[in-house]
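Participant: Put together the whole structure using the sequences plus the hints.
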Amino acid sequence: MNTGLAPGATSIKIEKIAINWQTDVKDEEGISPSPGRIVEDGPDAIFSRIDAEGTVHSLRSAGIPSDISYFAGTYLCNKIFFYSLYFTKSRAGFLHFPMTPEESVDGKNPTMDIE
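Heads up, the sequence shown is in this note's numbering, so the first residue is 41 and it goes up one at a time.
Worth flagging that the hints you see were computed from the coordinates, not collected in a lab.
A hint or two may mislead.
Claimed, not checked - Label pairs and their computed distance ranges (CB to CB):
#1 Lys129 x Asp67: 38 to 48 angstroms
#2 Leu45 x Tyr123: 11 to 21 angstroms
#3 Asp64 x Gly103: 25 to 35 angstroms
#4 Glu80 x Arg100: 33 to 43 angstroms
#5 Lys129 x Asn149: 18 to 28 angstroms
#6 Ala85 x Pro105: 19 to 29 angstroms
#7 Thr140 x Asp81: 19 to 29 angstroms
#8 Asp84 x Pro141: 15 to 25 angstroms
#9 Thr140 x Ser101: 21 to 31 angstroms
#10 Lys66 x Ala102: 19 to 29 angstroms
#11 Asp81 x Pro150: 21 to 31 angstroms
#12 Val79 x Phe111: 11 to 21 angstroms
Claimed, not checked - In silico lysine-lysine, DSSO-like type, Cα no more than 30 angstroms apart, as pairs:
#13 Lys148 x Lys119
#14 Lys148 x Lys56
#15 Lys66 x Lys56
#16 Lys119 x Lys129
#17 Lys56 x Lys129
#18 Lys119 x Lys66
#19 Lys119 x Lys56
#20 Lys66 x Lys148
Using N, Cα and C, we set each Cβ at its ideal position, and we do this for glycine too.
Facilitator: Following this line, the structure appears as structure tokens:
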């Protein structure tokens with residue numbers, strides 16, 4: 041299971057689809073990939089191998105806000121998600137978590153309390 045941070049989200053996002061595309065956004069070290077396909081001869085998209093609907097149902101039943109997301113972006117989260125699905129046949133998925141109140145230092149981003 042892969043995880044990432046989703047600033048602006050108010051619920052846990054269960055990612056449904058990884059797309060074979062990346063943009064040229066710079067990473068923390070200032071390195072930017074060439075925009076285009078992540079895997080040149082790979083499929084355009086790959087569906088998650090976890091039961092997204094069932095996961096959302098279970099989380100909501102436990103009182104945990106959650107939703108299905110159909111777009112993990114075109115940056116690191118999507119790339120990791122795509123690689124985990126492309127290079128393995130085992131169960132793989134991606135969860136995006138909202139910021140906690142402690143992470144929103146300026147108080148401008150929506151948050152989700154983890155308690």
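Participant: Does each hint fit the structure? Answer for all of them.
Facilitator: Results of checking the hints against the structure:
1. The hint said 38 to 48 angstroms for the Cβ distance between Lys129 and Asp67, and at roughly 28 angstroms that hint is violated.
2. With their beta carbons about 18 angstroms apart, Leu45 and Tyr123 fall inside the hinted range of 11 to 21 angstroms.
3. Look at Asp64 against Gly103: about 40 angstroms separates their beta carbons, and that is not inside 25 to 35 angstroms.
4. With their beta carbons about 39 angstroms apart, Glu80 and Arg100 fall inside the hinted range of 33 to 43 angstroms.
5. A hinted range of 18 to 28 angstroms for the beta carbons of Lys129 and Asn149 is inconsistent with their spacing of about 37 angstroms.
6. Checked against the hint of 19 to 29 angstroms, the C-beta distance between Ala85 and Pro105 comes to roughly 26 angstroms, which is consistent with it.
7. Between Thr140 and Asp81 the beta carbon distance is about 40 angstroms. The supplied range of 19 to 29 angstroms is therefore violated.
8. In this structure the hint that Asp84 and Pro141 lie 15 to 25 angstroms apart at CB is violated, the actual value being about 38 angstroms.
9. Separation of Thr140 from Ser101 is about 22 angstroms and conforms to the stated range, judged on CB atoms against 21 to 31 angstroms.
10. A beta carbon spacing of about 38 angstroms between Lys66 and Ala102 contradicts the range 19 to 29 angstroms that was offered as a hint.
11. For Asp81 paired with Pro150, a C-beta distance near 39 angstroms fails the hint of 21 to 31 angstroms.
12. Between Val79 and Phe111 the C-beta distance comes to about 18 angstroms, which sits within the given range of 11 to 21 angstroms.
13. Taking the CA atoms of Lys148 and Lys119, the gap is near 27 angstroms; set against the 30 angstroms cutoff, the hint holds.
14. For the suggested pair Lys148 and Lys56, the alpha carbons sit about 28 angstroms apart, so the restraint of at most 30 angstroms is met.
15. Among the hinted pairs, Lys66 with Lys56 is consistent with the structure: their alpha-carbon atoms are about 25 angstroms apart, no more than 30 angstroms.
16. Distance check on the hinted pair: Lys119 and Lys129 sit about 16 angstroms apart at the alpha-carbon level, within 30 angstroms; holds.
17. Straight-line distance between C-alpha atoms of Lys56 and Lys129 comes to about 16 angstroms, which keeps the hinted pair within the 30 angstroms bound.
18. Taking the CA atoms of Lys119 and Lys66, the gap is about 14 angstroms. The hint holds against a cut of 30 angstroms.
19. Our distance criterion of 30 angstroms between C-alpha atoms is met by Lys119 and Lys56, whose separation comes to about 14 angstroms.
20. For the proposed pair Lys66 and Lys148, the alpha carbon gap of about 24 angstroms is at most 30 angstroms, so the pair holds.
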